[in-house]
Amino acid sequence: MATKLKDQTAAASEREAVTVRFAGDSGDGMQLTGGQFTQSTALAGSDLATFPDFPAEIRAPQGTTFGVSAFQINFGSEAIETAGDAPDILIAMNPAALKTNLSALKPGGLIIADTGEFGPRNLKKAGYEENPLETDELKDYQLVAFDISAQTLESVKEFGLGNKEALRSKNMWTLGLVLWMFDRDRQPIRDWLHSKFAKNLDIALANEAALNAGHAYGETAEIAQGLGRYHVGAAEVEPGLYRTVTGGEALSLGLVAGASLVDLPLFFGSYPITPASPLLHTLSRLKEFGVTTFQAEDEIAAICASIGASYAGQLGVTSSSGPGIALKGEAMGLAVMTELPLVIVNSQRGGPSTGLPTKTEQSDLYQALYGRNGDAPMPVIAARSPVDAFDCAIEACRIAVEYMTPVMLLTDGYIGNAAEPWRVPAIESYERRPATHYAGEAVSPYKRDEKLARVWIKPGTPGLMHRIGGIEKNADTGNIDYAPANHQKMTDIRQAKINGVADTIPDQGFELGGPDDDLVVVGWGSTYGPIHQAVKRARRGGAKVAQVHIRHLWPMPKNLGPLLKDFDRILVPEMNTGQLKTVLRDQFLVDAKPLNKVSGQPFKIAEIGNAIEEALS
Amino acid sequence: MATKLKDQTAAASEREAVTVRFAGDSGDGMQLTGGQFTQSTALAGSDLATFPDFPAEIRAPQGTTFGVSAFQINFGSEAIETAGDAPDILIAMNPAALKTNLSALKPGGLIIADTGEFGPRNLKKAGYEENPLETDELKDYQLVAFDISAQTLESVKEFGLGNKEALRSKNMWTLGLVLWMFDRDRQPIRDWLHSKFAKNLDIALANEAALNAGHAYGETAEIAQGLGRYHVGAAEVEPGLYRTVTGGEALSLGLVAGASLVDLPLFFGSYPITPASPLLHTLSRLKEFGVTTFQAEDEIAAICASIGASYAGQLGVTSSSGPGIALKGEAMGLAVMTELPLVIVNSQRGGPSTGLPTKTEQSDLYQALYGRNGDAPMPVIAARSPVDAFDCAIEACRIAVEYMTPVMLLTDGYIGNAAEPWRVPAIESYERRPATHYAGEAVSPYKRDEKLARVWIKPGTPGLMHRIGGIEKNADTGNIDYAPANHQKMTDIRQAKINGVADTIPDQGFELGGPDDDLVVVGWGSTYGPIHQAVKRARRGGAKVAQVHIRHLWPMPKNLGPLLKDFDRILVPEMNTGQLKTVLRDQFLVDAKPLNKVSGQPFKIAEIGNAIEEALS
Amino acid sequence: MNDMTPTKLKAADFATDQEVRWCPGCGDYAILKGVQRTMAEMGATPENTVFISGIGCSSRFPYYMETYGFHTIHGRAPAIATGVKLANPDLDVWIVTGDGDGLSIGGNHMMHLLRRNLDCQVLLFNNEIYGLTKGQYSPTSRVGTRSPSTPYGSVDAPAEPCAFALGSGARFLARCIDTAQKQMPDILKRAHAHKGASFVELYQNCIVYNDDVFGAFTDKKESAHTQIWLQHGEPMLFANGEKGIALDTETLALKVVDVKDGDWQAAGVRVHDERNKVMAGLLIAMRVPDFPVALGVIYENPAPSFEQDVRTQNVEASKGKVVDLEALIKKGQTWEVNQKKLREV
Amino acid sequence: MNDMTPTKLKAADFATDQEVRWCPGCGDYAILKGVQRTMAEMGATPENTVFISGIGCSSRFPYYMETYGFHTIHGRAPAIATGVKLANPDLDVWIVTGDGDGLSIGGNHMMHLLRRNLDCQVLLFNNEIYGLTKGQYSPTSRVGTRSPSTPYGSVDAPAEPCAFALGSGARFLARCIDTAQKQMPDILKRAHAHKGASFVELYQNCIVYNDDVFGAFTDKKESAHTQIWLQHGEPMLFANGEKGIALDTETLALKVVDVKDGDWQAAGVRVHDERNKVMAGLLIAMRVPDFPVALGVIYENPAPSFEQDVRTQNVEASKGKVVDLEALIKKGQTWEVNQKKLREV
Ligand SMILES: Cc1ncc(C[n+]2csc(CCOP(=O)(O)OP(=O)(O)O)c2C)c(N)n1
Ligand SMILES: Cc1ncc(C[n+]2csc(CCOP(=O)(O)OP(=O)(O)O)c2C)c(N)n1
Ligand code: SF4
Ligand code: SF4
Ligand SMILES: [Mg+2]
Ligand SMILES: [Mg+2]
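Protein chains in written order, with the numbering used here: chain A, 1 to 617; chain B, 1 to 617; chain C, 1 to 345; chain D, 1 to 345.
Some hints here could point you the wrong way.
Said to hold, decoys possible - Here are the simulated PhoX-like pairs of lysine-lysine, each with C-alpha atoms no more than 20 Å apart in a straight line:
no. : chain 1 : residue 1 : chain 2 : residue 2
1   : C       : 33        : A       : 196
2   : A       : 565       : B       : 489
3   : A       : 489       : B       : 604
4   : B       : 196       : D       : 33
5   : A       : 604       : B       : 593
6   : A       : 593       : B       : 565
7   : D       : 195       : D       : 33
FYI, nobody ran anything at the bench for these hints, they're computed from the structure. This structure is a prediction, so every number in the text was calculated from the model and none was measured.
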């Protein structure tokens with residue numbers, strides 16, 4: 001057992017919120033551990049937010065810093081909307097995990113380290129000259145270091161597993177210890193182990209044994225001195241049925257629900273790309289919901305097939321991330337021109353180019369709004385959180401069908417992977433707006449309704465044969481027409497139609513504060529959490545600061561301009577170099593000031609807090 | 001001979017400027033006729049601008065309205081910068097040409113029509129129920145109608161050509177007549193005919209005979225009554241050697257000159273598309289200037305090959321139009337990330353999607369500035385006129401090499417095809433700035449100079465082997481690096497580097513007027529001509545209006561913000577729905593008001609003039 | 001009395017009211033005529049027929065067919081068609097493309113469509129040139145082709161459409177000539193009857209930019225010697241039966257043999273076997289003047305089609321599953337919160 | 001005294017200082033080793049060697065080669081390589097790609113590179129899966145492949161890389177296995193020696209997402225019966241010479257024959273002829289268990305390379321022309337304006 005334990009009571013201390021970060025080698029099962037701890041936290045009634053942070057490599061060589069996989073969870077009895085600025089507790093399964101995660105830890109935070117992995121080879125791989133557990137490098141933290149590996153081996157001895165196999169249970173041992181720290185019920189985890197390893201009872205039992213041993217280790221006060229016990233109360237939330245969801249799951253479900261609400265089969269054409277692929281994976285398992293998934297040869301084929309499916313009467317959806325969305329630009333123009341419904345999901349990641357595939361960013365807003373040739377207006381909406389992705393997907397489907405238009409739905413790597421508790425909504429609480437395929441008398445394919453949406457005529461419908469295409473068409477007949485006046489007219493119609501979407505979206509409201517505040521912080525997408533927390537804290541501190549968070553990025557809510565013009569100070573935090581800022585300044589001529597972070601990491605609450613302070617000073 | 005000739009003197013009247021529009025069937029050789037008349041006009045010393053306006057079809061069925069090909073030329077003794085709002089003279093070689101071009105003609109303008117083509121079949125094809133030459137449909141114009149076809153046949157009789165072949169000379173007959181009207185020398189045209197048909201003397205002679213016959217027809221006052229004769233003086237211009245160029249030619253030459261000035265072989269990778277293809281055609285004939293052209297399998301391959309060539313040490317250039325540029329977006333990001341020089345030429349056309357391939361528009365500015373995933377800043381410059389394309393190409397090459405960056409060069413279908421006189425510059429008047437390929441001591445590939453440009457190391461250089469790619473790289477070593485701080489640093493560097501381009505571009509000046517005016521009209525690209533004329537006219541009329549025309553669209557000249565902020569009224573005419581307007585409002589928070597035209601046709605001077613009047617009222 | 005029996009449609013019924021906008025004399029006209037005739041002869045239902053094209057002169061085709069039509073973007077017709085057919089397998093999907101559209105920018109989609117075996121007909125109008133963009137050389141242009149982009153002649157070896165299709169996994173290959181109006185309907189009907197992707201290369205004359213590039217074998221006067229129209233199960237004879245195609249089994253090269261008195265067996269002439277992929281590869285490669293050009297149905301070897309397999313799997317995977325959206329979103333570990341508590345803000 | 005004679009580089013000299021980031025046990029390691037060894041054995045000059053890749057696990061390859069390297073974007077390595085080689089034909093260009101990178105998104109560039117015959121080596125790491133994006137099926141995955149995107153098994157027929165390459169016009173085809181360290185250097189040297197595009201398919205084991213998918217023929221114990229290493233001019237024998245490949249000249253199908261007492265002629269075993277394209281097509285298609293898998297150099301038939309032809313034409317076209325920029329821009333009809341007149345503004 002290592003040195004430097006500070007004297008500390010082992011009695012449970014009450015905490016409003018705690019942030020724990022599990023970090024280990026990619027092979028150490030940290031994402032699984034984090035996931036199970038999340039589940040346990042949710043069942044305990046705390047509100048929570050998570051941030052899985054894994055390496056770009058599939059399986060980087062064991063022990064390297066770039067092979068470190070981390071999972072952070074922030075949970076508490078108050079509303080939790082970020083994964084926490086700095087962890088209170090860091091679980092470091094090896095030297096590389098310590099090395100790469102230490103700087104994030106709160107000063108005075110707790111480190112739990114597995115000395116069994118701090119041998120010379122691993123130290124060297126992590127770039128340590130000396131063992132940090134034995135120098136005073138960690139003097140500003142609380143350190144609890146002991147041989148988790150050995151403890152695990154001991155605990156599963158009876159199952160006669162090989163050394164390598166046995167050590168696989170390290171994560172369960174650790175989880176057991178952490179469950180003890182937070183006084184959690186182990187039963188749901190045991191159940192999960194038995195269902196996961198249903199076909200391999202020995203493994204299930206070994207893991208269970210490790211889990212129990214870790215827990216028991218905690219209870220043995222002598223050994224576990226220095227390990228605090230925390231009590232985090234249940235959060236105050238709306239009553240209802242809850243589950244945890246990641247953004248990826250919520251978005252998939254939202255698309256299925258969205259298609260169902262407009263009463264159309266869902267066609268999902270995609271090409272794998274990080275971090276968008278989970279959508280394809282989830283939807284390909286939902287065939288019974290009328291979902292057809294198509295893994296195309298590339299992103300261009302994916303969007304084109306989706307356009308084809310929409311042309312044939314289904315709801316075409318395509319999905320990718322930045323580089324793939326770039327490839328879809330030309331085809332989006334075709335969907336704009338032929339006025340077919342289509343949902344394009346962009347799970348944003350760090351750019352430009354291949355950039356940082358596994359990191360998060362919101363730098364594709366320009367591309368979403370402006371990234372096509374010609375004047376090609378397209379509605380754009382963005383999800384603010386994992387849970388919000390569900391509603392946004394439904395909204396995207398609605399707009400696409402109601403206005404016969406492609407719609408871009410923005411999410412990002414952070415939202416996609418992060419989990420939070422979700423009060424499962426009642427499907428009947430959403431309005432059904434079944435799409436209609438026109439099948440009446442002969443009509444021009446560009447005949448429009450009061451919303452300027454053109455008729456949707458499915459091939460196969462007798463008597464309504466017609467031709468569409470990417471060349472400009474006559475506004476009345478739908479035949480090819482290059483005449484100047486006609487092009488002007490069609491351009492105007494396309495613009496007016498999309499602007500008209502604003503008629504069916506809710507007015508922009510304030511998330512916090514109101515028109516009388518001195519400063520408004522305007523955000524979009526996944527910055528919602530840190531902005532909300534930062535504004536809340538600032539308001540608690542007496543600052544006159546309001547929050548506005550925009551879902552509908554194009555067209556924008558009709559009252560947004562007047563709302564913003566009430567403020568002299570507008571702060572726009574974005575994980576890009578200032579893209580929403582451009583739109584706000586252009587549209588409303590307001591002096592929106594950017595606060596930019598382009599590091600592949602979500603904002604910390606404090607970063608926004610500081611900017612608020614500065615803006616108000 | 002048709003009716004309705006008004007009595008009119010045949011004596012030459014002095015005109016400051018005249019606009020003539022030749023219109024006929026695609027097979028009638030109107031573009032050739034226009035081109036030769038342009039040449040003749042230039043030799044006569046007038047200033048001029050042209051607007052070829054041809055159908056989307058290769059060869060539409062004879063006699064149809066969509067098969068009409070037109071060529072408009074505006075020339076005069078004052079500076080000419082547009083092809084003219086409305087023609088003074090319309091040459092209509094058949095009913096379809098009359099039908100589609102009549103509305104553009106100035107009230108009271110002159111129509112010259114070939115009655116030989118106004119038979120029942122052609123009238124029907126053009127959609128005429130009655131022969132307009134014989135009703136009073138044309139009563140508000142001057143009409144000179146006679147059988148040009150018969151006259152032509154007569155004039156070439158002696159060469160024993162077939163009827164079809166003989167009628168091919170109709171255009172030369174007509175040109176002869178028009179040359180007479182403007183008192184032009186026929187010799188240069190004769191020379192041209194003999195060099196063009198060097199291998200077929202009979203054809204050359206027949207065409208010459210037709211040319212002479214048309215001219216003689218004019219001289220025969222009796223017959224040609226109603227035909228005015230005009231005298232348009234020579235324009236007052238700088239002394240020097242002149243030629244006419246189209247934008248396409250000037251741009252090709254500019255790229256060759258640009259590459260030469262940076263002392264690099266030019267690699268041109270492209271895929272045919274209207275109206276960008278002429279660049280490929282011209283450059284593929286200039287191999288002796290160190291130009292390699294590569295017709296790729298698609299636009300993606302074209303830009304990628306160009307990036308490869310730049311990587312290997314040449315100057316990569318790629319070129320396309322809207323839909324093709326959309327496809328290049330992902331690869332542009334790669335060039336941004338790997339910091340390789342590259343020039344991307346976009347010859348804009350009517351959009352969105354396939355749109356109006358043969359019509360002009362400037363609706364790809366958004367795409368140029370914002371159309372990539374991630375924060376991917378890239379310099380963007382735009383040519384204002386055919387002649388200006390030469391300098392812009394040189395400037396694009398300079399920036400690309402000096403800053404190791406892709407550069408987008410915008411032109412459009414109008415500039416590409418239009419011709420104007422060009423005072424051929426002396427190449428030595430351009431500064432040579434030879435590129436250097438680093439070949440010194442071992443160095444990081446991301447080592448930068450004071451302009452933040454990274455070193456350019458050519459493969460093949462001993463001792464400097466290194467790896468680059470689209471994944472974020474460490475700012476110091478150039479190795480893959482996903483660390484948050486590094487990504488922030490590299491993002492900042494990429495942005496700072498491109499912003500720094502503003503250090504080496506000239507301050508923004510006024511084209512007309514200055515800071516004391518009440519209104520400034522701000523434009524970019526091919527709207528220069530009509531804006532300039534409109535502002536000039538308004539100023540003559542006493543209006544306090546200035547003109548600013550932006551070449552450097554990104555980064556913008558450093559003084560542009562302050563310059564614009566001096567004005568309360570800013571008018572931004574664009575052939576799109578308001579794209580530069582967005583940039584100005586975003587960057588400078590000025591209340592720039594859009595004036596938009598999206599009809600596939602250039603602005604008329606009057607349209608801008610009216611907007612100026614309105615803005616000042 | 002009102003006659004409600006559906007009248008059989010004529011070729012003209014498949015023409016739209018749109019003026020055809022190809023150059024006078026373009027081979028596209030003949031193909032249009034052949035296709036319209038085929039439609040009528042097959043008794044095609046206009047509303048169940050969809051023509052999907054990319055961009056090019058040839059790709060204007062859908063505008064002239066009184067069926068459903070989608071003129072998409074350059075090279076992407078196969079991808080769009082895949083979506084259409086997956087969404088509605090009952091539609092009869094025809095893809096019209098050019099040598100540039102289908103083999104240059106669109107080569108990848110073409111290969112994957114063929115590999116997947118989507119049930120549709122691909123009509124590739126090969127004029128060995130980019131017509132619409134005014135005559136640049138294409139991937140099928142022969143070495144030395146002078147064009148606006150290759151003023152000194154092209155240097156790259158051309159692609160052979162049928163060989164590419166075969167290598168990509170195509171299971172139906174046929175060839176025809178624009179003017180071969182007699183044979184075209186039968187070939188197109190065969191393509192249509194084939195379940196899966198049918199690839200039909202149509203030699204099409206671009207009178208403006210590549211006139212007579214196929215003259216060596218399309219010239220009617222010589223056609224007996226320069227064309228061989230293959231028929232499954234029939235000996236591969238041409239030149240009015242006086243010549244035939246035989247195989248050197250050692251080198252595996254084809255050769256032209258003289259047939260005396262109709263005794264083709266003696267001459268070693270082989271019988272055309274559409275199922276034989278190896279022979280298909282050899283026949284495709286025959287070039288004038290050494291060989292006649294192989295026309296007609298060269299290869300057919302059906303297999304289940306993609307959209308059918310996808311549909312079947314969708315149905316199979318859904319069997320016995322409850323389609324309950326409410327239940328779906330409630331899946332996984334859930335918990336109930338009972339007392340009303342307000343979240344602070 | 002200072003020894004200035006260049007020392008021969010060792011395999012290790014072609015390794016960079018970068019930590020290799022593939023999964024432990026990945027077949028990519030073996031290929032890397034094989035390539036580095038080949039480089040050393042060939043006496044390659046690091047500064048004249050360029051590795052160009054797309055995106056995928058395999059495409060990380062350039063980072064580990066102490067040569068010039070360009071890790072580009074998904075599927076586009078062939079296009080980038082074309083520019084590199086046209087700009088500098090002296091460079092030795094190696095393309096590294098995967099079954100997804102090279103045949104899914106990048107299939108079109110691959111076909112055109114092969115058709116044009118750019119002088120370079122294409123190493124296609126076929127693991128029948130998308131490794132980097134975590135295991136989705138790829139265009140080479142066999143029917144029924146269960147993957148995250150095909151939980152019920154894939155339904156589409158896979159592409160055969162070598163058949164695709166052949167149909168695209170490839171003139172050099174070879175196959176190897178990641179672990180076949182003995183044969184790999186020779187095959188790569190042959191690819192390198194071939195002037196023009198060399199296509200090398202490397203069966204590569206993805207231990208994480210598709211472990212042992214090639215087990216049926218890579219298993220060392222069975223390899224005598226499941227692998228045939230072709231050698232030009234040698235009879236096509238395997239199973240320690242006890243079996244061979246013969247051809248049924250009627251059906252044109254290959255068959256495995258037993259060889260008694262080494263008398264392969266009697267058994268009808270054919271001699272491998274790299275020039276024979278038809279045989280290449282047949283060999284490529286051999287599958288276990290009915291046949292051994294064809295490995296080694298399957299086909300070679302050189303022709304002038306693209307970049308050489310382009311260069312030659314550039315030189316030819318320039319001959320005798322004056323390179324005078326001033327004169328160029330003054331071309332055409334010009335006129336002189338003499339008196340200074342100011343344009344009004
Ligand atoms: C993305 C894109 N790139 C290029 C073009 C220009 N373009 C239109 S058709 C065409 C090639 C036409 O050739 P082919 O497919 O052989 O058809 P053809 O005109 O010969 O029938 C090209 C390059 C385009 N419309 N879109
Ligand atoms: C434009 C684009 N689309 C998709 C991706 C995601 N992606 C990266 S690699 C890859 C496939 C990798 O498969 P393969 O080429 O077989 O390489 P492997 O990893 O198996 O070696 C995909 C889909 C991307 N990086 N860029
Ligand atoms: S350019 Fe050629 S292919 Fe196109 S319509 Fe004219 S003749 Fe036909
Ligand atoms: S995922 Fe597969 S291919 Fe990729 S590095 Fe791991 S084992 Fe190799
Ligand atoms: Mg063609
Ligand atoms: Mg793979």
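Status of the hints after comparison with the structure:
As the CA atoms of residue 33(C) and residue 196(A) are separated by approximately 64 Å, the hinted pair breaks the 20 Å bound. The hinted pair formed by residue 565(A) and residue 489(B) fails the criterion: a straight-line CA distance of about 34 Å is larger than 20 Å. Restraint check: the Cα-Cα separation between residue 489(A) and residue 604(B) comes to about 18 Å, which is no more than 20 Å; the hinted pair holds. With a CA separation close to 63 Å, the supplied pair residue 196(B) and residue 33(D) exceeds the 20 Å bound.
Using a Cα cut-off of 20 Å, the hinted pair residue 604(A) and residue 593(B) is violated, with the two alpha carbons roughly 39 Å apart. For the hint linking residue 593(A) to residue 565(B), the alpha-carbon distance of about 18 Å falls within 20 Å, and the restraint holds. Between the alpha carbons of residue 195(D) and residue 33(D) the distance comes to roughly 24 Å, so the proposed pair goes past 20 Å and is violated.
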